[in-house]
Amino acid sequence: MSEAGDVSALELGALLCSRVCHDVISPVGAITNGLEVLADDDDPEMRVHAMELITKSAAQASAKLQFARLAFGAAGSAGAQLDLGDAKAVAEGLMKSEKASLTWEAPHATIGKDYVKLLLNMLLIGISSIPRGGEISVVVASDLTRPHLTVRTKGQAARIPDETARFLDGRDLDAFLDARAVQPYFTGLVARSLGMRLEARMEGEDFVIETQLAEAG
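Sequence positions in the sequence shown follow my numbering and run 367 to 583.
Calculated directly from the structure, the hints in this document are not laboratory data.
Glycine included, each C-beta is placed from N, C-alpha and C at the ideal position.
There may be inaccurate statements among the hints.
Derived pair list, reagent style DSS-like, types lysine-lysine, alpha-carbon separation capped at 27 angstroms [what the hints assert, rightly or not]: (1) 422 with 454; (2) 465 with 520; (3) 422 with 465; (4) 454 with 520; (5) 465 with 454; (6) 479 with 454; (7) 520 with 462; (8) 422 with 462; (9) 479 with 462.
Simulated DEER-style distance windows between Cβ atoms [what the hints assert, rightly or not]: (10) 458 with 387: 20 to 26 angstroms; (11) 463 with 541: 27 to 33 angstroms; (12) 512 with 452: 17 to 23 angstroms; (13) 401 with 541: 38 to 44 angstroms; (14) 523 with 407: 39 to 45 angstroms; (15) 476 with 388: 27 to 33 angstroms; (16) 578 with 447: 37 to 43 angstroms; (17) 413 with 563: 49 to 55 angstroms; (18) 571 with 440: 35 to 41 angstroms; (19) 578 with 446: 23 to 29 angstroms; (20) 539 with 409: 53 to 59 angstroms; (21) 522 with 545: 23 to 29 angstroms; (22) 563 with 440: 20 to 26 angstroms; (23) 571 with 447: 35 to 41 angstroms.
Based on the provided sequences and hints, a complete structural model is requested.
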């Protein structure tokens, strides 16, 4: 693995923007389709269906953008604290459009915004580990000035996602870093900026990703 800094800030920003656009383009496109039906079709049944599609897709797009704001954006000034309740709310909003259920075990407290960013990105990796759906548990424990974060997934054919295996610890020069792979790469960057590393592994049929203190030196 090469050093994480091999990806320039400009390239990283562009790839993350592509990732966010990829996530919201489908529900936004569905809203456009629904509006076209409302404009061109007088069939009452079709118009009801179009309104349902618009409502559902608008909620989905909003949930994805609110999640992305905390997971990828600044979400406050440097050193800011974020409420874990807000993190739970955006996670639950995102999960409404996923095939998996979510359990969230965390205290009612605020923690550093970069820990929230890390936790939400770990959740995204967890979602990608069970493409057929299943169960995801999120646990925030230990000293909240430096919390221990764990995401565990259970589901049919749970696995370590390929992009996570290749990019979580830095850029692999033999693999192409694209908008899909940038998310686990970014997750690793955030962990290392906090003096942590991430361990992604299988425990039996469960996938687990959790924080560990970075080794000295």
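Do the hints match the structure? See the list:
no., hint, in the structure
1, 422 with 454, "holds, 21 angstroms"
2, 465 with 520, "holds, 12 angstroms"
3, 422 with 465, "holds, 16 angstroms"
4, 454 with 520, "holds, 19 angstroms"
5, 465 with 454, "holds, 17 angstroms"
6, 479 with 454, "holds, 13 angstroms"
7, 520 with 462, "holds, 17 angstroms"
8, 422 with 462, "holds, 10 angstroms"
9, 479 with 462, "holds, 24 angstroms"
10, 458 with 387: 20 to 26 angstroms, "holds, 23 angstroms"
11, 463 with 541: 27 to 33 angstroms, "holds, 29 angstroms"
12, 512 with 452: 17 to 23 angstroms, "holds, 20 angstroms"
13, 401 with 541: 38 to 44 angstroms, "holds, 40 angstroms"
14, 523 with 407: 39 to 45 angstroms, "holds, 41 angstroms"
15, 476 with 388: 27 to 33 angstroms, "holds, 31 angstroms"
16, 578 with 447: 37 to 43 angstroms, "violated, 23 angstroms"
17, 413 with 563: 49 to 55 angstroms, "holds, 54 angstroms"
18, 571 with 440: 35 to 41 angstroms, "holds, 38 angstroms"
19, 578 with 446: 23 to 29 angstroms, "holds, 25 angstroms"
20, 539 with 409: 53 to 59 angstroms, "holds, 56 angstroms"
21, 522 with 545: 23 to 29 angstroms, "holds, 27 angstroms"
22, 563 with 440: 20 to 26 angstroms, "holds, 24 angstroms"
23, 571 with 447: 35 to 41 angstroms, "holds, 37 angstroms"
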